[in-house]
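*Asks:* Go by the hints and put chains B and C onto chain A.
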Amino acid sequence: MESSDMNDSGLRTAGSEQNLLSRPDGSATFTQGDTSVMAAVYGPADVRQNKEIIDRATVEVIYKPKSGMPGIREKSKEQLIRNTCETVILTAMHPRSSITIVTQEVQDSGALLACCINASCMALMDAGVPMKCLVAAVTCMLDSEERLVLDPTDKQAKDALCLATFAFDSTNKKVVTSTFQGSCTMQQYQSLLASCQTASQKVFDFYRTSAERRLAKS
Amino acid sequence: MAPPREETVESKSSENLRVLPGDDLSDVFISTRGSKFRLGPGLRQEGETVVACKCGILRKKEPNDVFWIDNHQKRYVPVKGETVLGIVVGKAGDVFKVDIGGSVPATLSYLAFEGATKRNRPNVAIGDVVFGRLLVANRDMEPELVCMDSAGRSGGLGIMSDGGFMFQCSLGLVRKMLSPKCTLVKQLGQVMPVELAAGMNGRIWLRGKTVSSTITAMNAISSAEFMTESEIRLMVHRLQDSVSGMWSGIS
Amino acid sequence: MKETPLSNVERDFLLAAIRSGKRIDGRDTYDYRNIKITFGLERGCCEVQLGQTRVLAQVSCEAVEPRNARPTEGQLYLNLELSPMASPGFEPGRLSEYGVELNRLLERCLKDSRAVDMESLCIVAGEKVWQIRVDVHVLNHDGSILDCGSIAAIAALSHFRRPDVTVVGETVTIHTPEDRDPVPLSVHHMPVCISFAFFEQGKYLLVDPTFKEESVMEGNMVMAMNAHRELCTVQMTGGMLLLKDQILRCSQIAVIKVAEVTELIKKALSNDAKARSEGKKCGYAESLPRRRITTSVAEPQRVDTTKSVEMAQDVIDRADEPVQDLDVKSTLLDAGFRGIGEGAANTWLIPDAENEVEEDEDEMEDADEEEEVDAMDDGTSDVAARRNQTSVSQTRVAEGYHSDSSEEAETVTLNEEVLGGYKRPPVDPSADLDLSVALKTSQIVSSTSGPPAKKKTKRKGKKNK
Chain A
1 MESSDMNDSG
11 LRTAGSEQNL
21 LSRPDGSATF
31 TQGDTSVMAA
41 VYGPADVRQN
51 KEIIDRATVE
61 VIYKPKSGMP
71 GIREKSKEQL
81 IRNTCETVIL
91 TAMHPRSSIT
101 IVTQEVQDSG
111 ALLACCINAS
121 CMALMDAGVP
131 MKCLVAAVTC
141 MLDSEERLVL
151 DPTDKQAKDA
161 LCLATFAFDS
171 TNKKVVTSTF
181 QGSCTMQQYQ
191 SLLASCQTAS
201 QKVFDFYRTS
211 AERRLAKS
Chain B
1 MAPPREETVE
11 SKSSENLRVL
21 PGDDLSDVFI
31 STRGSKFRLG
41 PGLRQEGETV
51 VACKCGILRK
61 KEPNDVFWID
71 NHQKRYVPVK
81 GETVLGIVVG
91 KAGDVFKVDI
101 GGSVPATLSY
111 LAFEGATKRN
121 RPNVAIGDVV
131 FGRLLVANRD
141 MEPELVCMDS
151 AGRSGGLGIM
161 SDGGFMFQCS
171 LGLVRKMLSP
181 KCTLVKQLGQ
191 VMPVELAAGM
201 NGRIWLRGKT
211 VSSTITAMNA
221 ISSAEFMTES
231 EIRLMVHRLQ
241 DSVSGMWSGI
251 S
Chain C
1 MKETPLSNVE
11 RDFLLAAIRS
21 GKRIDGRDTY
31 DYRNIKITFG
41 LERGCCEVQL
51 GQTRVLAQVS
61 CEAVEPRNAR
71 PTEGQLYLNL
81 ELSPMASPGF
91 EPGRLSEYGV
101 ELNRLLERCL
111 KDSRAVDMES
121 LCIVAGEKVW
131 QIRVDVHVLN
141 HDGSILDCGS
151 IAAIAALSHF
161 RRPDVTVVGE
171 TVTIHTPEDR
181 DPVPLSVHHM
191 PVCISFAFFE
201 QGKYLLVDPT
211 FKEESVMEGN
221 MVMAMNAHRE
231 LCTVQMTGGM
241 LLLKDQILRC
251 SQIAVIKVAE
261 VTELIKKALS
271 NDAKARSEGK
281 KCGYAESLPR
291 RRITTSVAEP
301 QRVDTTKSVE
311 MAQDVIDRAD
321 EPVQDLDVKS
331 TLLDAGFRGI
341 GEGAANTWLI
351 PDAENEVEED
361 EDEMEDADEE
371 EEVDAMDDGT
381 SDVAARRNQT
391 SVSQTRVAEG
401 YHSDSSEEAE
411 TVTLNEEVLG
421 GYKRPPVDPS
431 ADLDLSVALK
441 TSQIVSSTSG
451 PPAKKKTKRK
461 GKKNK
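Chains as they are written, first to last, in UniProt numbering: chain A, 1 to 218; chain B, 1 to 251; chain C, 1 to 465.
Next up, chain A with everything else stripped away, as it sits in the complex (with noise of 0.2 Å):
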């Protein structure tokens, strides 16, 4: 799946299981390829009286490293998907509510983020909260010798000249959300986030299957 051919990079395997908490109103597992993060909706649930909006939801996002006590880059991250994610959610149809996503960390096996961000996307699918589109997320970077990876593993990204993260709706192939580490030229960025784009519509295609199979039988 990792191709040296310059412009012939993919994604690696996805896969996701959903509804396999019983607890939270809905939950989904999101793997690109070993990379996997587990992602668990509440809501339109009751919201604490100081952080109640009188006219929308409030987006809650807690992100849970797997070792250790969360930080600041991992506030950071929790920051991106609730912004990620709120743009989508349709907050305004429940208002002095909550919607709470908890992502936990499985596996990082590189573009990290990315799968956060399409794990709280099919659990917020799962949990039926109104939305305006879905969203996915894809992370690329440059090598060493420029050439574009997309979806890179964490040996991969260790030496990257610079790493992109891009999530899409899936109406319009909108960015939604860009994070990027390291420099490159104006040319090289958007190259960078056209190929995300092209990419992401396999992860908006993945969504799809998985919700036909998921309600074949009803």
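Some hints here could point you the wrong way.
Within a straight-line C-alpha distance of at most 16 Å, the following computed EDC-like cross-link-like pairs (lysine to aspartate or glutamate) qualify [to be verified]: (1) Lys-36/C x Glu-260/C; (2) Lys-51/A x Glu-91/C; (3) Lys-173/A x Asp-162/B; (4) Lys-2/C x Asp-46/A; (5) Lys-132/A x Glu-46/B; (6) Lys-209/B x Asp-162/B.
Now the in silico label distances, taken between C-beta atoms and shown as ranges [stated by the list, open to error]: (7) Val-136/B x Asp-205/A: 15 to 23 Å; (8) Asp-117/C x Asp-205/A: 29 to 37 Å; (9) Glu-218/C x Val-66/B: 44 to 52 Å; (10) Glu-82/B x Met-186/A: 54 to 62 Å; (11) Gly-127/B x Ser-22/A: 20 to 28 Å; (12) Asp-334/C x Val-66/B: 28 to 36 Å; (13) Lys-155/A x Arg-249/C: 50 to 58 Å; (14) Val-66/B x Glu-310/C: 43 to 51 Å; (15) Ile-72/A x Leu-6/C: 38 to 46 Å; (16) Gly-127/B x Arg-290/C: 40 to 48 Å; (17) Lys-181/B x Ser-22/A: 23 to 31 Å; (18) Arg-153/B x Val-234/C: 40 to 48 Å; (19) Pro-182/C x Gly-90/B: 33 to 41 Å.
Please keep in mind that the hints were generated in silico from the structure rather than gathered at the bench.
Keep in mind that this is a model prediction, so the values were computed, not measured.
Ideal Cβ placement from N, Cα and C applies to all residues, glycine included.
*Replies:* Frame of chain A; chains B and C shown alone:
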């Protein structure tokens, strides 16, 4: 991998279409253009188009052409007129606070029971299960529950007393169970007599003749979530065999 | 979030069922639920499912300075997390009383029973030792967390490999996995917790209670034991008295269960070792139950990125073009109100606007407007100066209220308290309410209905008093 949208629309009728949030369903509604139709849960209008906002199956309810999306949600969002099973969590003045699984507890006036007056208050304790109808339910107000119809009769609503068991399942399963097409309850009733109340909030109360028949019925219902009609039939048949086998074994 | 309350109906039925020796999941009194042990790709990562209860454990290590009291011993640190994922009742962050109790019990089970050899974790006496950290995350709470957690923790500890170390004189080298094979911890024995739930003063006993059963039980007992029939921990909670015989009976049950569980852990470890030595794939991605309808797997997919370079060039080219026509649409919301962009106006509290007229304009649309806005941003002194210029009676101060929304609307509230001595002309009573208008732009210009020269006011980013 996924079939293109248009193809699915053409090959199948507008009903039972599997949709994802953000799917543009305008094509489906072209056929109904001219006649009036309504958008139910899971669908919303965005300018000129109709867009899905939940993952599920597009369904149509005949009488007034209501389209809505059926899914396997677990969390209940109160809807006016639906019957639900709630747990009394507290008393506040003239009302009971009832947990119906929504984001806020519903209120239930102590006068909203059959035959209740200011003097003759119903005997409701905290922790009791009530089967009620939602009188008020919208996103901006606290939901209100009543245990009688407009004529003042209970019509099966009220406190669930004298045993039985209540369990939680997905909202989709309750809808599936209550739909006229589904024969699960009917078939189950032939195997073992059970008394049953299904709340649209995904709670099912049931009472069999014995503890074990209640447990069996509960497990049969909760296992039917991902089963087709024929699989349900097979499951109930197997159940019947094992139940009769069990009884012959005892006797 | 609140936990769903337990109804009397459920309580009575569960107790009646227990009295007649039945359980709602069809198990017998002494039956354990199915146990599934999965190891992750990383060493020391283990997920255990006990029926619907799920726990994930991860072991990690770090070289630290030893405690003064024990300079030649390593450290074992246990951290049990009751993640809100497991139950709506679990709060994120701080550990609840229940969490502390479970954490301490797990610590007693593994640490105080000396399951892991501490002295072999010493690198240089008094200077460097290994600190082994076990993080146990509860993913789904359906009773018997401790049973599940102890299996996960001990399996993860047995699965873990720490980096190899060589000490030559004063220099300590910690080898990378590529350099030298990591070494396993020396695990002396495998203590496993078994939970018992008691009902009616210990008259009825259940092994491996579910969440529902735990919520109606009178008391519970946790017994940790290893395969050598050595008792590691016993803990009893709840107000009940037990007879000696009952405790002995529990220990006999525990002996059998622990033997079964230990066997299972060893089998899972050997399966994993075999898969690893044969170079097969392992880890969670491989362990997805593919036959389930809720599961789906897609093979690796190639993505054609040849066009991305062209697309990128195209975007850049277009970015260089000067913007021709900025098509800003504004919609008339109500008399005197205009909205720009997507932020929807709050239609609830818009007053009849007899005297108050709000105008919001995009900076780009109107150069004059921009100037006005910039000037006002300069500071309060400027505002004060302007206030002096205009007749005091016409001054309004808009108290801005920042909602913490990331993308949308900011709400501005006109507040009467801050009108400072200004006497309002008689208006519609509804206008006395806070006037909330949600706008896409962060610049709000509040003006009177008078001539534009009297335009005034603004402070933003302040929270309501």
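*Asks:* Confirm or reject each hint.
*Replies:* So, going through the hints one by one against the coordinates:
{"no.": "1", "hint": "Lys-36/C x Glu-260/C", "verdict": "holds, 13 Å"}
{"no.": "2", "hint": "Lys-51/A x Glu-91/C", "verdict": "holds, 14 Å"}
{"no.": "3", "hint": "Lys-173/A x Asp-162/B", "verdict": "violated, 57 Å"}
{"no.": "4", "hint": "Lys-2/C x Asp-46/A", "verdict": "holds, 7 Å"}
{"no.": "5", "hint": "Lys-132/A x Glu-46/B", "verdict": "holds, 10 Å"}
{"no.": "6", "hint": "Lys-209/B x Asp-162/B", "verdict": "holds, 12 Å"}
{"no.": "7", "hint": "Val-136/B x Asp-205/A: 15 to 23 Å", "verdict": "violated, 43 Å"}
{"no.": "8", "hint": "Asp-117/C x Asp-205/A: 29 to 37 Å", "verdict": "violated, 51 Å"}
{"no.": "9", "hint": "Glu-218/C x Val-66/B: 44 to 52 Å", "verdict": "holds, 50 Å"}
{"no.": "10", "hint": "Glu-82/B x Met-186/A: 54 to 62 Å", "verdict": "holds, 55 Å"}
{"no.": "11", "hint": "Gly-127/B x Ser-22/A: 20 to 28 Å", "verdict": "holds, 22 Å"}
{"no.": "12", "hint": "Asp-334/C x Val-66/B: 28 to 36 Å", "verdict": "holds, 33 Å"}
{"no.": "13", "hint": "Lys-155/A x Arg-249/C: 50 to 58 Å", "verdict": "holds, 54 Å"}
{"no.": "14", "hint": "Val-66/B x Glu-310/C: 43 to 51 Å", "verdict": "holds, 47 Å"}
{"no.": "15", "hint": "Ile-72/A x Leu-6/C: 38 to 46 Å", "verdict": "holds, 40 Å"}
{"no.": "16", "hint": "Gly-127/B x Arg-290/C: 40 to 48 Å", "verdict": "holds, 43 Å"}
{"no.": "17", "hint": "Lys-181/B x Ser-22/A: 23 to 31 Å", "verdict": "holds, 27 Å"}
{"no.": "18", "hint": "Arg-153/B x Val-234/C: 40 to 48 Å", "verdict": "violated, 58 Å"}
{"no.": "19", "hint": "Pro-182/C x Gly-90/B: 33 to 41 Å", "verdict": "violated, 56 Å"}
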